[in-house]
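Visitor: Sequence:
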Amino acid sequence: MAYTVVHEAMHTFGLFHTKGTTPEERLLSSGDTIRHGSVTRETDNIVTRFDLQLHSGGALVNNYEVLASDPDIGLRDSNRDGVPDFAYVTGTGAHDLITLTDLGGGVTQVQIDAFYDSAMTDLIRSDSYTITDGIDTEGGIVIDSSVGDDMVQIEAAVTANVLVHGGQGDDVIESGSGNDRLFGEDGNDVISGGAGHDWLSGGDGSDVLDGNDGSDVVVGGSGNDTMHGNAGRDVLFGNDGDDRLFGDSDDDWLLGGAGNDFLTGGFGNDFVWGDLGNDVLSGNSGRDVLDGGSGNDLLLGGLDNDRLLGGPGNDRIYGGDGDDVLNGQDGNDRMYGGNGSDRMFGGSGNDRMDGQDGNDLMFGELGNDLMLGGNGNDIMVGGSGNDIMAGQDGNDIMLGNSGSDFMFGGSGNDILIGGADADLIFGGPGVDLIFS
Numbered sequence: 184m185a186y187t188v189v190h191e192a193m194h195t196f197g198l199f200h201t202k203g204t205t206p207e208e209r210l211l212s213s214g215d216t217i218r219h220g221s222v223t224r225e226t227d228n229i230v231t232r233f234d235l236q237l238h239s240g241g242a243l244v245n246n247y248e249v250l251a252s253d254p255d256i257g258l259r260d261s262n263r264d265g266v267p268d269f270a271y272v273t274g275t276g277a278h279d280l281i282t283l284t285d286l287g288g289g290v291t292q293v294q295i296d297a298f299y300d301s302a303m304t305d306l307i308r309s310d311s312y313t314i315t316d317g318i319d320t321e322g323g324i325v326i327d328s329s330v331g332d333d334m335v336q337i338e339a340a341v342t343a344n345v346l347v348h349g350g351q352g353d354d355v356i357e358s359g360s361g362n363d364r365l366f367g368e369d370g371n372d373v374i375s376g377g378a379g380h381d382w383l384s385g386g387d388g389s390d391v392l393d394g395n396d397g398s399d400v401v402v403g404g405s406g407n408d409t410m411h412g413n414a415g416r417d418v419l420f421g422n423d424g425d426d427r428l429f430g431d432s433d434d435d436w437l438l439g440g441a442g443n444d445f446l447t448g449g450f451g452n453d454f455v456w457g458d459l460g461n462d463v464l465s466g467n468s469g470r471d472v473l474d475g476g477s478g479n480d481l482l483l484g485g486l487d488n489d490r491l492l493g494g495p496g497n498d499r500i501y502g503g504d505g506d507d508v509l510n511g512q513d514g515n516d517r518m519y520g521g522n523g524s525d526r527m528f529g530g531s532g533n534d535r536m537d538g539q540d541g542n543d544l545m546f547g548e549l550g551n552d553l554m555l556g557g558n559g560n561d562i563m564v565g566g567s568g569n570d571i572m573a574g575q576d577g578n579d580i581m582l583g584n585s586g587s588d589f590m591f592g593g594s595g596n597d598i599l600i601g602g603a604d605a606d607l608i609f610g611g612p613g614v615d616l617i618f619s
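Residue numbers (the numbering used here): 184 to 619.
Worth flagging that the hints you see were computed from the coordinates, not collected in a lab.
Being a predicted model, the structure only gives us computed values, none of them experimental.
Just so you know, not all the hints are guaranteed correct.
As the list claims (entries may be wrong) - Simulated restraints on C-beta separations:
id, residue 1, residue 2, range
1, G265, G288, 17 to 25 Å
2, A441, G613, 47 to 55 Å
3, A339, D540, 17 to 25 Å
4, N596, L486, 29 to 37 Å
The beta-carbon is built from N, C-alpha and C at its ideal position, and this holds for glycine as well.
Whole structure, please, built from the sequences with the hints as guidance.
Guide: Okay, here's the thing in structure tokens:
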């Protein structure tokens with residue numbers, strides 16, 4: 184009896200050994216011959232030139248079943264110029280180990296090992312193919328590892344641009360030196376970018392993403408993700424979930440998205456935006472811009488001269504070292520200048536500002552604010568509202584503006600100006616100049 188198998192492009196088929204023993208489960212009988220490798224093209228721009236390797240799987244060679252999930256490799260020439268646009272590789276639907284190795288001379292070896300178990304100890308089958316750049320592909324390699332907990336390893340010497348779809352399952356994807364696009368999709372995935380300028384997307388699940396070298400784009404998706412930009416000028420977007428974003432070295436952009444996120448710029452001049460949720464933002468070293476977005480956020484400027492924006496919500500803002508700009512914006516905020524000569528803006532709400540060290544400039548703006556000059560020669564402007572201002576150490580200048588304000592110069596030779604309404608003013612130690 185002859186069988187005809189119809190095979191759709193970008194999908195696969197194969198013959199696998201089973202443990203069935205009844206006649207109904209038998210596709211072939213002992214002594215039958217299997218012929219494979221003949222392909223009829225339905226369209227002019229689909230070319231398949233690789234034969235599937237048939238494995239008997241044991242001594243019972245007469246028990247097989249046809250599956251729609253055998254490994255396969257093929258070529259697509261959409262523009263019909265005689266050179267395929269890309270080579271595609273599909274997994275088995277089991278737990279696959281797909282390895283790309285550079286053999287030199289523009290030849291890449293594709294090794295597919297399929298396992299029954301996610302620990303990859305019980306091997307089902309093994310297939311190996313080669314792809315020649317400029318002959319088999321002019322646009323890189325596409326890998327679809329399909330379902331299962333798969334591992335895709337692209338060795339560092341492989342310079343071809345690779346597109347990887349992890350599919351369902353908890354996948355591990357390691358990129359090579361090309362400019363690769365890596366999609367974990369469903370499952371809790373671990374994705375590493377490699378040396379090129381890569382695009383990493385975790386998809387659903389709680390993923391671990393590392394851009395590694397190059398200027399990368401790293402997108403978390405849903406779930407609680409951990410993302411590293413590593414070397415290069417990277418863009419990290421947490422998306423949904425409570426994410427952890429690390430810019431690491433160079434000048435990076437970090438965007439938390441929805442959820443309560445932790446974001447740290449690392450080395451370099453970074454832009455860090457918490458977006459939605461109650462976030463923790465840290466600039467670390469470099470001249471950073473931190474924007475908490477909505478929610479009750481914690482902002483840590485770190486080293487150098489930073490700009491920190493609280494956004495809507497009741498925020499805590501620490502300038503750290505350097506001459507920083509702190510702006511609480513909406514909400515009842517608490518701001519601490521740290522070392523350096525800082526500028527602080529309360530925004531709307533009842534805010535607390537502490538200049539700490541350095542010669543600081545503080546504006547209460549709207550609301551009933553508390554301003555503490557700390558060490559240094561500080562300037563405090565109350566704005567509207569009933570404000571409390573204490574110069575503390577240094578020769579300070581205080582202006583109450585509108586509202587009934589309480590002003591205390593502290594030590595040093597201070598200038599205190601009450602403003603429009605009934606104010607309570609105390610000069611303190613030193614030679615002070617008071618205007619009520």
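Visitor: Each hint needs a verdict: does it hold in this structure or not?
Guide: Here is how each hint holds up against the structure:
1. G265 / G288: 17 to 25 Å: Given a distance of about 20 Å, which is inside 17 to 25 Å, the answer is holds.
2. A441 / G613: 47 to 55 Å: holds, 52 Å
3. A339 / D540: 17 to 25 Å: At 48 Å between Cβs, range violated.
4. N596 / L486: 29 to 37 Å: Given about 33 Å between the Cβ atoms, the range holds.
When held up to the earlier numbered hints, the structure conflicts with hint 3 and nothing else.
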